[in-house]
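Below, each chain spelled out in residue letters.
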Amino acid sequence: MNPKELISFVADYFPMLVRKPAPKYVSESGNRVYGMVAEFHETPKIYHAAEIVRDAGYSKWDVHTPFPIHDMETAMGIKTTKLPLMAGGAAITGVIIAILLQWGTTAYLYPTVVQGKPFEAWEPFVPIMFELGVLLTAFMCIFGMLALNGLPRFHHPLFSHERFYKVSDDRFFIAIESTDPKFDPSETRALLEKAGGTGIALIEDED
Amino acid sequence: MSAIHPDESMARRMHGLQPGEQPVARKNPILPGSSDDGTLSEDPGKRAPCVLGDRSFEDVTNIVCGYAEAKMPKPWLAALTITSSIAALGTGMILYLIITGVGVWGLNNQVDWAWDITNFVFWIGIGHAGTLISAILCLLKQNWRTAVNRSAEAMTIFAVVCAGIFPGIHVGRVWFAWFLAPLPNSNGIWPNFRSPLLWDVFAVSTYATVSLLFWYMGMIPDVATLRDRAYMRLTKGISRPMALPMPIGNDIPLPMLPKPDQLRCLIYGIMSLGWRFSSRHWHRYEKAYLILAGISTPLVLSVHSIVSFDFATSVIPGWHTTIFPPYFVAGAVFGGFAMVLWLMIPLRIILPNFSDLLTKRHLENMAKILLLTGTMVGFAYGMEFFIAWYGANEYEFAVFADNRVNPAKAPYWWAYWTMITCNVVFPQLFWFRKMRQNPLVIWIVATAVTIGMWFERFVIIVTSIHRAFLPGEWHMFFPTWVDILTFVGSCGIFLTLFLLFLKFLPVFALAELKVVMPQSHTHDDH
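Each protein sequence line maps, in turn, to chains D and W. Residue numbers are given in our numbering: position 81 of the first sequence equals residue 81, and the series is strictly consecutive. Residue numbers are given in our numbering: position 163 of the second sequence equals residue 163, and the series is strictly consecutive.
Heads up, some of the hints might be wrong.
[As the list claims (entries may be wrong)] Label pairs and their calculated CB-CB ranges:
#: 1; chain 1: D; residue 1: Val-114; chain 2: W; residue 2: Ile-444; range: 41 to 51 Å
#: 2; chain 1: D; residue 1: Asn-2; chain 2: W; residue 2: Ile-349; range: 56 to 66 Å
#: 3; chain 1: W; residue 1: Gly-164; chain 2: D; residue 2: Glu-120; range: 24 to 34 Å
#: 4; chain 1: W; residue 1: Asn-185; chain 2: D; residue 2: Glu-120; range: 14 to 24 Å
#: 5; chain 1: W; residue 1: Ile-349; chain 2: D; residue 2: Val-26; range: 54 to 64 Å
#: 6; chain 1: D; residue 1: Val-114; chain 2: W; residue 2: Ala-181; range: 14 to 24 Å
#: 7; chain 1: D; residue 1: Leu-6; chain 2: W; residue 2: Val-488; range: 52 to 62 Å
#: 8; chain 1: W; residue 1: Cys-491; chain 2: D; residue 2: Val-114; range: 31 to 41 Å
Simulated from the structure, these hints should not be mistaken for lab results. The structure displayed is predicted, hence computed values, not measured ones. Glycine included, C-beta positions come from ideal geometry on N, C-alpha and C.
So here's chain W without its partners, still in its complex pose (with noise of 0.2 Å):
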C-alpha cells in the first residue's frame, strides 16, 4: 500500500467501524492524460489486475459492505420512489387483466401471442447473462468475473421473476394456472409430457430455482461478513438509530424501533447459517461450487433452446426452424451481457470505488462478448433467410420477404429493421479499440441491444403469426394500453429488485474478490 493512500480517512473511519457515509473515490484515470485506468494493456505477457488501487482486503471489504450499511445516497431513493410506483402501475395492471380477462389485451383470432410471450422471452433471455458469468467463466477460470457476477446473478434473478409473471397470466383464467404443474386435473388426465410447452414449465422452474441457490450460496459468507460487521458496531455501541430516509429533506427519525444493526445481526444472521469461514467448510463449498458451475452451464443452454422449442415444434413458417435452439441462446447471451452493462456503467458513476472493482478491462471483455454474441445472431439472421429462400418453402419466404423485410408489402417492416439495426449494426462499433473502451458508447450501445433483442422477439413471434395460410385470417396487432403498461410495470419490477438488491445485499462477491487479489496468493514469489 502506498503512505498517502486517497482512500486512507476512509479507512481510518471505517477502521473505528462508525456506521460510515460512502468511501472516497479515488481519482480516476491513474494514467494522467488517457482515459486508461491501468487496466487496458494489450501486453499479452501482463495480467490486468482485477482490483484497482492497491486495495488490502480491509479495503475491499469496507469498499463493498459500505453499500449496504452507509446510508444510500438521496438518487436511490428518488429512483427507488419511481420504479416502486412503476411496479404498483404494473401490478395493477396485472390484477385488472386477473379481473377483467385476456379481452384487454390487444390479442385476437390470429395473433394470440404477442406481448406476453415476447415480455415472456425477452426476460428469460436477460437472465442467461447472469449464469453465464457465474458458471461457464467460472469453468474457464475468467477471474475477472468475480467483480460482476453477484450483481448479473441478482439481475438473473430479477429477470426471470419478470419472466414467471407472463406465462402465469397469459393462460387467461390464471386459477387454473396450476395445470401446468405434474398434477392429474379433475377427470383424471395428466399434462402432456411431450408438448414442449411442458418442457418449458419444468426449464424455466429449474432454472430459476437452481440460480436462486447459486446465488444464494454465493452470498453466504458475504452475509456472514455483514452479520459479524454489525455484530461489532452494536458491542461497541457505534450503532446509528433507525430513521425513515425520505428522498426529499431530512429522515424521521424513529428511537423506539430497534436499531438498523440490530436487524442485521438477525436477518443477516439467519441467512448466512453461522457460517465461520472454516477451511474445512471452504473445500466442501468449493467443489459445491464447482458442481454448480458444471451443470448451470448445460442448463443456461438447455433453458433457451427448450423455450425456442416452443416455435421450432410447430408448424407455422418462420418458427419451424432447426436453427431457433443455438440462435436463441446467442440471442440471450447477447441481451443479458446487454443489460448487465445497462445496469454497471451508471453504477460506476453513482456509487463511489465501483469503478476500482469494476474496471475499464471488465467492460471492454464484455463488450467484446457483445460484438461476438451481436454477430451470431445477425449470423442467425442471414442463415433463417437463406434456408427460407434455398428451402424453396414459398410460404416461409414469404413470411419473410413479404411479412418482415419488404417495407412495401410488410406492415412489420420498421420493427424488422429496428431489430437488424440495433442487434447487428449498433455492436459492429465494437471492431474499434476506442469504441468499446469508451463507457458512454458502450452504454448507448447496450441501450440499442435491449431495445432490439425486444423487438426481436416481436418480430419473431407477431409477424409470423399475424399472417397465416389464408389471407382470410389475416389480422394486424395492436397492443391496447393494458399491454404496454404491463411491460412497463414489469421494468419497474425489476428495477426495484435491483435497486433493493443495491442497498441490503453485498453487491460484489467479496470472498471471490479477495482470491483475485495478489495478496491471496500463498507464496511470495508469485
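Next comes chain D alone, as it looks inside the complex (with noise of 0.2 Å):
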C-alpha cells in the first residue's frame, strides 16, 4: 500500500482527520461528483463492457455485479488478490502458535508425566498443531478479505443512486471514479454509451 493509498483509505473511514484535495468536477447542485455510473441487463453485455472500459485504460473504476462473473478479473483487468499469501502466512502463524503452546506447556512450564511418555514427544501435538492453522487461516480468509476490500464501509456515494440498489437482484453496472486521471464527463459518457449502458448518471459525493 503506497502512501497515497494509505491516505484515502483512512480518508474513508475518518474523513474529518485528511483534507480532501479540491474537487476536479462538481456538480450542478455544488456537490463534489464521484463519478458515473451505467446500467447493464445481460451478463454477456457487462463483460463486453468491462473490456472496453479496461482498453479505453482506466483504472479507478469497478463493476457491480449481483453474482461474481466467471472470469471477471480479465475482463476488467484485475491483478490476482495476495490473499492466498496471507492466508499461507496465518496458518505457518497458527501452527507455530501450536508448537509454542503445547511444547512449552508440557515440556518446560510444567512438565507432568503422562503414561511414560517423553515430554517434547511431537506426535501428540499434531492435531492442536492442524486444528490452529486452520483456525488463524479461516481468520485470515475472511477478516482479510473484508480488510482488503475495505469492509465493513457502511456509507458510500453508490447508495445514494436510486437505481444502484437493483444491483443485488438482476441489474449490472459500471462505475468509474471521477478521481481517474482519465475521466472526463463528456468523453466517459461517450464511452459508456458506446459500451451499451442505459441509465448514465452522475454520483455526488454529498459530504
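Assembly of the complex is requested from the two constituent chains, each provided in isolation within its own frame, with the hints serving as guidance.
Set out below in C-alpha cells:
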C-alpha cells in the first residue's frame, strides 16, 4: 500500500483527519462528483463493456454485479489478489502458536509425567497444530478479505443512486470514479454509451 | 421466459416491491403423467438444470427473499410455538442438572458415559453434511450443491450448538468447564495436551468457528439483497407496520413500534457490512471462499476423526480399534445427509417454489450419497466384527458377540439390530431408481437413518463399557427422565433455531444460485 492509498484509506474511515483535495468536478448543486455509473441488463453485455472500459485505459473504476461473473478479472484486468499468501502466512503462524503452546507448557512450564511418555515428543501435538493452523487461516481469509475490500464501510456515494439498489437483484453497473486521470464527463459518458450502457448518471459525493 | 408464466402475477406484485405474500407455486410435475420434474434424465450428454421454471434472476431473488419478507404461514408459527416450548423444557433440564448434579442422569460407576456423549457425537456428526456440501462439493465443482448449501450450513451450526451443550454439562461442576481451555489451573498445571479429549476441544471449537464464519461469509451478499429491498420499500412508502403474529387468530398490530423494514435496514445493514457487489470485492471473496473450502475439507475429516480418538485411544474392548476414524467420518456424513433430507423434503411441500430450486435431481443425488455412505458404514460394522474375530482377542470378540449381537446373551441386542436395520438395510432401497426418486421414500429412509445413527453411538458407547473385564463390575444403563428430556430438549433447540433461520435469513445462497443459471454465462453461445 503506497502512501497515497493509505491516505485515501484513512479518509474513507476518518474523513475529519484528512483534507480532501479540491474537487475536480462539481455538480450543478455544488457537490463533489464521485463518478459516473451506467446500467446493463445482461451478463454478456456487462462482460464486453468491462473489456471496453479496460481497453480505454481507465484505472479507478469498478463493475458491480449481483453475483461473481466468471472470468471478470480478465475482462477488468484485475491483478490476482495476495489473499492466498496472507492465508498461508496465517496458517504457519497458527502452527507455530500451537507448537509453542503445547511444547512450552508440556516440556518446560510444568512437565508432567503422562503414561511415561517423553515430555517433548511431538507426535501428540499434531492434531492441535493442524486445528490452530486451520483456525487462523480461516480468520485471515475472512477478515483479510474484508480488510482488502475496505469493508465494513456502511456509507458509499453509490448508495445515493436509487437505481443502484437493483444491483443486488438483476442489474449490472459500471462505475467510473472522477478521480481517475482519464475521467472526463463527456468522454466517459460517450464511452459508456458506446459500451451499451443505459441510465448513465453522475453520482454526487455528499460530504 | 415463456409468455404466460404461472408466476407472472407474483413477479408483478413483487416488482412493485410490495411486502408480498408467499409466491405462487408452479404446478409440478411439468412432464404430464410422470413424477419427473424435468431433472431426472439419465442422458449423460444433457446436464439437468439447477433452477426450474425458466426463472429470471429477479424471480429467484423474489422467491428467496419472499420467505424472509412475507408473513410466515400459520403452520410455521405453530411449529415454532411447539419447538420453542420443547427447547425451553430442555433448557430447564440443563438448569436442573447444574443445580442438582449429574446424579440426575442414569450414569453409574460402570457406565460413566452414556446419553450425554451419545448425544454429543450424534449432533456433531449431523453437522458434517453442511461442511461437506459447502466445502468438498465446492472443490468438486458440483453445481447442484448451491440449492442446499445455505440451509445445510445453517443446520451444521445449529447441530454444533446442540453438540456443544453436552460435553459442557457432563463435566458435572460446569463452573469448572474452563479447565477445558488451555489455561493453567490454580496449581499451575496445564491441561494434558497428549489427551484426545483436549484435541477434541480444539477440533470442535475450531470446527464451530470455521463453520460459522463460512456460513456468515456466504450470507453477506444475500443479506445485502435483503437490506436493499427493505430500503427500497421504505423509500417508496410501502412498508407494513409492525404486528405481533399469533399462531391462531388475527395478528395484534403494534403501530408504536418501528416498522419491520426499518429493523431490517438496521440489522441486515450491519450484517452485510456495506457490501456493494463490486467485482474487485467478488474477486477476493471468491478466492477467500475457495481457500475456506480447501481448508474445511481436511477440517471436516479431522473433526470426527478426533472425536473417534476419544474412544480409539482407550484400552476398552469395542473402542480400541484403528477403523474408528474413517468409520466415524463416513457415519457422520451419512447421518448429516439424512438430516438435510429430513428437513428439506417437508420444506418442498410447505414453502411454495422451494421445489423449483431444490429439484428431484438434488434429492436423488443426496439419496445416492446416503446409499454410498450407508454401505461404507455397513462395511465398517462388518470389518469391526471380522477383526474382533480375526484378531483373536477374546475380550473384544465377547463385546461384539455377547454384548451386542446375540439376543440370548446381550441385553442391548435390540439396540444393535435397530442400528443395523436402520443404517444398513434401509438405504439399500436406493439401489432402485423408483425408490431414490420418490421424496416420500427418501424421507422415510432419512428418518430411519437418523434414528439408526443415534443408536450407533449408543451401541458403541454403552454396550462397550457396561461390561468391563470383571463380571463383578457389570451394570446396566437406564436413562432417567432427565436424560430423555434433555435429549428431546436439544432436538427442540435445533428445530427452533432452524425455524428462525427460515424466517429471518436467506434460505438459499442467492448469489451462488444465480451463477448456476444459464443467464449468468458471459457468452451467448453456451
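Hints and how they fare:
no. : hint                                   : result
1   : Val-114(D) with Ile-444(W): 41 to 51 Å : holds, 48 Å
2   : Asn-2(D) with Ile-349(W): 56 to 66 Å   : holds, 58 Å
3   : Gly-164(W) with Glu-120(D): 24 to 34 Å : holds, 32 Å
4   : Asn-185(W) with Glu-120(D): 14 to 24 Å : holds, 22 Å
5   : Ile-349(W) with Val-26(D): 54 to 64 Å  : holds, 59 Å
6   : Val-114(D) with Ala-181(W): 14 to 24 Å : holds, 19 Å
7   : Leu-6(D) with Val-488(W): 52 to 62 Å   : holds, 57 Å
8   : Cys-491(W) with Val-114(D): 31 to 41 Å : holds, 38 Å
Checked against the numbered hints above, the structure violates none of them.
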